[in-house]
Amino acid sequence: MAENAVDSKFIKERLAVLKGGRFKAWLEICANCAYCADSCFFYLANNKDPKFMPAYKIKETLGKLYKKNGDVTREELEKIADIAYGDCNGCRRCSLYCPFGIDIAVMIAAVRGICNSQGLAPEGLSTAAKNHLEFGNQMAITEEEFTETVEWMEEEYAEEMKGLEIPIDKKGAEMLYVLNAREVKYYPQDIGEAAMLFTVAGENWTMSKDAWDMTNLAMFAGDAKVMAHAVKIIYDAAEKLGVKWIGTSE
Amino acid sequence: MYEFVTGPLVWISFIIFFVGMTVKIVSLIRLAKEKDKVVFNHLDAGWSIRSIVFWLIPFGSRSMREKPVFTVISYTFHVCLLATPIFLLSHNILWDERWGISWWTLSESVTDYMTLIFLVAVVGLMGRRIILPEVRIVTRAYDYLLLLIAAAPFITGFLAYHQWGPYKAMLIIHVLCGEIMLIAIPFTKLSHMLLFFLTRAHIGSEMGRRREAKTW
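Protein sequences appear in the order of chains X and H. Counted the way our numbering counts, the first sequence spans residues -5 to 244. Counted the way our numbering counts, the second sequence spans residues 381 to 596.
Chain X extracted, bound-state conformation (with noise of 0.2 Å):
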């Protein structure tokens, strides 16, 4: 694909499968009544400038989109995606603030997902979604850096604390533990102090050397299939360790 052409036949069908039940009664019955805006900290923090009050962005976005029928220019998409990604979080308070229980923060994540299929998703994100698809986690880091990682802090906090493992893979453990890639990256620490606390508890637990980054940034990008990625390979770690629940951190 071009740099700078859009695939509006694929928009078109994106468009077509997100309209189900939910899609459409939202998007016909908005009365634009605005009791939205104060429920975004986006709009209360630009000084109330109503362009960032959700309702708006939804018309600037998918509203946009739907009207066109997946036909825009590439400077189209380039200014969806800087709402979409820029002016939202997603945190979803105004569907609590909304007299219908409109999910604008779920229609933001849809256009998310047809910015990222157009190559338009914040580098950060879209890095951290291939790396997550390729390492099983988001920071790139190698089997053996994790292991070796995790085996290096065993040591030392065993030092602190008579009787402290960190196993790896340990079939009959009851717990599966996983954390975000950031903490054996920058703060690896942080393992040895959860299993001081897992030591204390008397916990049988277990990291997995194939799932151990909780982190889902593609859900950021709006990548569905590395979403589903991150998340089965835990599910599918946890089910061959025969664990019987997973633990995570922060």
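If you're looking for bench data, these hints aren't it; they were derived computationally from the structure. Treat the hints with caution; some may be incorrect.
Under 7 Å between C-beta atoms, here's a sample of chain X residues computed to sit facing chain H [as the list claims (entries may be wrong)]: (1) A19; (2) A25; (3) A28; (4) A31; (5) F35; (6) F36; (7) A39; (8) P44; (9) M47; (10) N83; (11) C85; (12) R87; (13) A99; (14) V100.
No more than 30 Å apart at the CA atoms, straight line, and that leaves these computed lysine-lysine pairs for DSSO-like [stated by the list, open to error]: (15) K6(X) to K61(X); (16) K417(H) to K569(H); (17) K18(X) to K548(H); (18) K569(H) to K219(X); (19) K548(H) to K53(X); (20) K219(X) to K6(X); (21) K42(X) to K413(H); (22) K417(H) to K13(X); (23) K234(X) to K417(H); (24) K594(H) to K61(X); (25) K234(X) to K3(X); (26) K417(H) to K548(H).
Cβ atoms here follow ideal geometry from the backbone N, Cα and C, with glycine treated the same way.
Starting from the known structure of chain X, fit chain H onto it as the hints suggest.
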């Protein structure tokens, strides 16, 4: 002409309203069952009912409490819009004569005041669309048209009742305006009259049963 607009045309508009809304709701639920499975796997009666009821009670939701003036205007608008035609004395006399059914009525002076209060609320809603930047930016001509469709039966009914202007013509226009509103409901944003219950049930369950958060 009078016989026609108060006879067959009434039936036609009521049929369009009821059939239109039924088709709309059934097809939306069907479409949701096919495409929005997430709606049904967490649907919960308790959370749905609370989500609906708290949004029907005046100031029942945080959103309404944070915008008291708009809430009062919007509430008055909706109560008068529904209650005035249903409990109006002359409407009840009319359908008692035609179909032999009638129920409680409000005195004519009460409904007269309700009509005026309703029209003030309409002006309030329009003014809000013009004055407040966050409402103005999402307002289209269509929004004013909908307000006009809702207000027209009240304006013409008020004029007919007080016999200002040509009575007979005004009466026919009044009935026509009412019929236009009924017919418009299934095809416009006015369908929120019933779809409100569906979307609120969904978000109530979505936020409530999934994450124990209340939506009011």
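message = Tell me the hint numbers this structure goes against, listed in increasing order.
response = 5, 6, 7, 10, 11, 12, 13, 14, 17, 18, 19, 21, 24, 25, 26
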